[in-house]
Each structure stands twice: as C-alpha cells, then as structure tokens.
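Taken in order, these protein sequences are the chains called A and B.
Position one of the first sequence corresponds to residue 13 (my numbering), numbered consecutively onward.
Position one of the second sequence corresponds to residue 1132 (my numbering), numbered consecutively onward.
Bear in mind the hints are in silico, worked out from the structure with no lab data behind them.
In this text, all values refer to a predicted model and were calculated from it rather than measured experimentally.
Certain hints may be false.
Here are the computed lysine-lysine pairs in the BS3-like style, where the Cα-Cα straight-line distance is at most 25 Å [what the hints assert, rightly or not]:
{"hint": "1", "chain 1": "B", "residue 1": "1263", "chain 2": "B", "residue 2": "1225"}
{"hint": "2", "chain 1": "A", "residue 1": "97", "chain 2": "B", "residue 2": "1367"}
{"hint": "3", "chain 1": "A", "residue 1": "283", "chain 2": "B", "residue 2": "1367"}
{"hint": "4", "chain 1": "A", "residue 1": "97", "chain 2": "A", "residue 2": "283"}
{"hint": "5", "chain 1": "A", "residue 1": "283", "chain 2": "A", "residue 2": "297"}
Label pairs and their calculated CB-CB ranges [said to hold, decoys possible]:
{"hint": "6", "chain 1": "A", "residue 1": "17", "chain 2": "B", "residue 2": "1139", "range": "36 to 46 Å"}
{"hint": "7", "chain 1": "B", "residue 1": "1365", "chain 2": "A", "residue 2": "97", "range": "17 to 27 Å"}
{"hint": "8", "chain 1": "A", "residue 1": "198", "chain 2": "B", "residue 2": "1251", "range": "40 to 50 Å"}
All C-beta atoms, glycine included, are put in the ideal place defined by N, C-alpha and C.
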Amino acid sequence: MEQVWTALFTIVLGIFAAISWFWGANFCLDRLLPARTGDPAQNARNIHRAGLIRPWLFLGPAILALGLYLVYPVWESLFLSFHGKAGQEFVGTANYRWLLADAGFRESIFNNFLWLLVVPAASTFLGLLAAALTDRIAWGNIAKSLIFMPMAISFVGAAVIWKFVYDYRSGDDAQIGILNALVTWAGGDPQAWIALPFWNNFFLMAILVWIQTGFAMVILSAALRGIPEETIEAAVLDGANGIQIFFRIMVPQIWGTIAVVWTTITITVLKVFDIVLAMTNGQWKSNVLANLMFDWMFRGGGDFGRGAAIAIVIMALVTPIMIWNIRNARAEMEGR
Amino acid sequence: MANNPYRWAVHLSVVLFVVLWTLPTFGLFVTSFRDKDQIAVSGWWTALGSATRNDMFRAPEGEGEVEEAGRFTLTGSVFVGTSGHVTAFGISSKAPDAFAAGETADLGDGESLTVAEDGSFTLSGPESFKDKRGQRIFFTATTPPSFTFDNYRAVLFAEGLGRSFLNSATVAIPSTVIPILIAAFAAYALSWMQFPGRALLIAAIVGLLVVPLQMSLIPLLRIYNAAGQAMGFDPKSYIGIWLAHTGFGLPLAIYLLRNYMVGLPKEIMESARVDGATDFQIFTRIVLPLSFPALASFAIFQFLWTWNDLLVALVFLGPQDDKLVLTGRLVNLLGSRGGDWEILAASAFVSIAVPILVFFALQKYLVRGLLAGSVK
C-alpha cells in the first residue's frame, strides 16, 4: 500500500512541479520583460525579446528529457562500443571484430533478417486482406475489433498464449496444445515446435504477425476508405471485376500507406525482445539481436562494450528508415 | 458485384480470420478456469462440452462393510471429490468398460459388483472384505463442464501476482501522466510559435521516433548507477523508471500532439491574441481543451506500452521479487512453473485484463491515435 501512496504523491508532485515550471517561468519572463512600460519603443523591444525566449521555456523540459534519454545515449553507446567490459579502456574495433567472428551474433543477425523478411510482409499482407474483407460486411467492425485486440496484449502475454498453442506432450499423452492436437487428429506426429531449429523462428514470428496484423488492418482500412469513389466507379464501368479493382485500382493508390505500415512494423521487428526471451530465451538457434544484447548486458557480470556494439548494429539497421521518415516529414511540411 | 458465392466467400474468410485471431487467447482463457488435473490430461476444447474420462477406483479394504444373513456388503461411491455419470465399468484393466452402468459383474467366489449410473457401487460376497486387497473398479464417466476460480486465487495470493499488479500500476500511471504535460507544451511551441530552428527540431523528433530503446539502456544504466552512488540512493527506483518511460515516450507524444495542434483553426488563436491573450493563456485556455482527443490517444498508447513493457522494467527496476512488474513475473513463472498451465494461464489473464479493458473501452481514441501517429 505504501508504494501506492508514494506513486500518488509523486504524480501530484510531478504535475505540480511541471505546472509551476511552465507557469512560473512565464510569469518571470513577463515580469523581466514587461509588455506595458511607459515607453512604446521599450514595449516593442520587450515583446520581441520575450518572443525569442518563450518558445524555449515551453520546449525546455522536453529537450532536456529527449537529450538525456535518447540523443546522448546514441553518442555514448557509440563511444562505449569502442571500449572494454566496464567502459574504461579503449579497445578500438575489438568489439566489432568479435561480433563478426561470434557464432551467436551470426545466428542472431541471420534470424533478424529472417524476421525482417517475413513479419512486415506477412502482417501487411494479412492486414490488407483483413481490411478489404471487413470493409465489405455488416459485422465488419466487430470483426475488426477482435482482430485488432492482440495489439493490447503484451508480448509476454502473447508468448504465454502461443506457448500453450504450441504445447507438446511426449509419448502417448493426450496433446493439450491445439496445434499438436490438430496435427495428431490429421494423422501426423506431434512436434516440440519451438525446439525445432530454424523452423522455430517461424513459430515465434507467427506471434508478432498475430499482434501486428490488427495495426496494419486499421491503418490500411482507413486508407482504403479514403480512395476516391470515381476511380472505382470508372473501373466498374470498364468491366473490371472485384479482384482486378482491388489489385489494379485500389492497392496502387495506397502504396504510400502500405510503405508506412511496412516500415513501422520493420522497426518493431528490430526491437523485438520479449517474445524471444519468453518463448525460448534464444535456445534452439532462435536468438535475435535484441535478446543477444540483453544477454551481454547482464549475464555473466555484463560486458557493456559488446552490448553497446550490438545496440549500434540495431541502430545501423534502423537508420535508413529514420532518414526516409525525416525526408518524408520534411516534404510534407513544405507542401503544407 | 454482390453475387452470392462471392459474398459467402467474404463472410467465411472473415470468420476464419476472427477465429484464428481469437482462438489462442480464448483457449488460454478457458484453461485459466479449469481444474489443474484436467488441464494436464485433456485439451481445453474438451472442457466446453461434457468430458468423458476413464478412471479407476480402489474399494476400501472392508471398512464400512455390513453383514446381513451371512453376506457381506460394501457400498460407496467411485467419485472422490468429483461428480458425473458412469456409463460403463469393469473389473480389469483389460476390459475397463465390460459392463454398462447398473449391470452386475460376477467376480467369482460368489462375489458380485454393481456400479450405478450415479457412481454408487455395491460390492457383496460371502466373506468379509477385510484382509483382502481392495477391489479395483474401472469406470468410464462423463463429467459436466466444471470451472473454478481456484487458479486465480492461487496466483493472486500465493504466486505474488497481486504485488506485481500494484507494481505495474505504480509504473504505468505516472509514466503516462508525466510525458503528456511536457509534450503538450513542446507541441504547442512547435506548432504555433515562431522561432529559429523549429523545422530542425521537428525533423529531430521524427528521427527520434524510431531510435531503438536498446541504444539507451547501457548509457542510462551507467548514469543511474553513477548518480545513485554519488548521491546515495538506490539506482533502481520508481522515479528512475518513470523518467525513463517519459523520455522514451516523448517523441511519439510530441509528434502526435503537434500533428493535431497544427490542424486547429488559426482564427481562434489570432483573435485571442488580438484580445491580448499571452501564449501561456492561449495554450491553457484554448489549445489544451481542444486537443483532448489527441491527449487521450497518446495516453492510451503510453499506458498500454508502459503496462506491457518488460525490457525497461527489467533494466531500470531490476528483477528482485518485490519490484517485479506483471510481465516480469510472467517470464519468471514461464521459467519456474513451465508446465503448470493453470498458474500460467491465470497469471497471463491477470496481466492482460487491464489493457484489454482499456482497449475495448477506448478503442476509438486508440484508432485515431494510430492513424495520426504513423509517419506519413
């Protein structure tokens, strides 16, 4: 109970501190540079100066937090990746050379590329399919809601749900996992799915696809609805059938949105950690970069140099998308 | 376009989608209410209808027998702590269903056995059943679906889930509230104030949206440890994780809110300025109330993300038992109670319950936020 009070107290304190900063800083600024003095020239000068300072009062806390929690760590990680275990001695490129030679790293990056190939493609495709189908039926919104629901479930919760689906009992015991029950029913041999090297990657990916399809569906469904009616009507007049209209007329008009969905899921994939930790913890050749990095951070006393080097690799993989996003955002702002 | 087979195909495909997307969750949900002995021997889908099970009961060795006219009779029930309907019984493992319920089985030496449909059996013979091994009774019984809250009781009070629930709430709520306030001011400045470097800052925010969390972990852990040592406090504290979540949530918060605020009508702002309102007044009296939908969207995002997060909690709160959040507890249980599905299923649903409720109650805002938040 005590921590509940601490939490409540801190919320109140935090809000109070934030409000008093924003309000207090504004108040001080208005006092120091008053807009109403006897001298009109002085007034204009004060308003101008206050206008120069005020944005930074509004932005201050945000810039401070972003700087400390996101910008500085990028440089610090880069710095640490050239240093030893505890970050003290300079080791040059030793950590990166170690990465290239390490079997665990090669396995992880191979798996990560598999994930990058499969998960965004599968989620986007299934999301597009679900969006197109649910938009055509009366109970589509309920269906959407249910397909979207896994989005609210944590990766760990999803891992428990799916571990139960993949559950395997040896010998003649009745299979209680639905996948093995279906396989047995169809006359096949039950398998310990998550312990099958290589193929287990796909069983883990299925979990993320299951979560992300709803996201893709929601965004693509909105995009499909935004397509101008005339283009579809024209196609109908020209005698196109439903499938032709969908792939030749509708999909080409929402390429931009498809790309956004694809890249957003790609970013999620690169950061995926919880699913692998909870399902296999990287055993049976299913490791990925984020889990490998967590390993090097903590297990066996921790090696910050190697951990940071792995983080830099993840960052490097994200960077092209980052640049693409920034360019798009700038283009959009200039168009506005 | 609306020809019949085509419509049927659409309906069927959507049904298939919905089944695939809900069945895994539903299966675990059903399991969380089942008896743990039943979970281990039969699939959850059998729990919905009457289940048929084969079992064996060993009659007591003469306790409670009654002598009457030279015959000894022993009665009782084959159901111990359960209930159901016996459909068949037998006296050897080779033919466990040799007799239908109500029939009489001849055991030799003048002994006989009857098992009624309700599970009561009558064993009778010319000699006392004392000093003999208890008679084995094999039976097939159907049991009606039965569900229990025992698993939830067990995880909430014995497995520490209750404590973790509080911890998760302690992490998630301030981590949702603090960034909103900071981001709202920043978003206002970025959308309605003129200053040099504004475009650059907006570009930086868009860039920071995708910086992987992994980059920040090691440097921040070092700062926290150093600060903790220098000032003599525990580096793994709630305040630490609140600030961390604030930092990580800010880019999305600012981005979402700015996109929304930029779209507010310019005229309101200008007329307020003409009336002599300052930026601070415009922000608190006009922009903030108008931005409620965007604030709600971000709040839901951030709440779901902080409640469901594992990585940040593991790194900045640590894995000690008293500070474990729900996701961390669940991972621990997966390791220590790997096969105990009654514990895992109930624990999973304790951790999923709050986000699912938030999701269904506030889905409208979530969807709106998603649409505004994906970089166009």
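To see whether the hints hold, each was checked on the structure:
1. B:1263 x B:1225: 21 Å, holds
2. A:97 x B:1367: Holds, at roughly 21 Å.
3. A:283 x B:1367: Since the Cα atoms of residue 283 of chain A and residue 1367 of chain B sit roughly 23 Å apart, the hinted pair holds (cutoff 25 Å).
4. A:97 x A:283: Cα-Cα ~23 Å, so holds.
5. A:283 x A:297: With a Cα-Cα distance of about 18 Å, the restraint between residue 283 of chain A and residue 297 of chain A holds, given a limit of 25 Å.
6. A:17 x B:1139: 36 to 46 Å: Since the Cβ atoms of residue 17 of chain A and residue 1139 of chain B sit about 59 Å apart, the hinted range of 36 to 46 Å is violated.
7. B:1365 x A:97: 17 to 27 Å: Given range 17 to 27 Å: holds, Cβ gap about 24 Å.
8. A:198 x B:1251: 40 to 50 Å: At 41 Å between Cβs, range holds.
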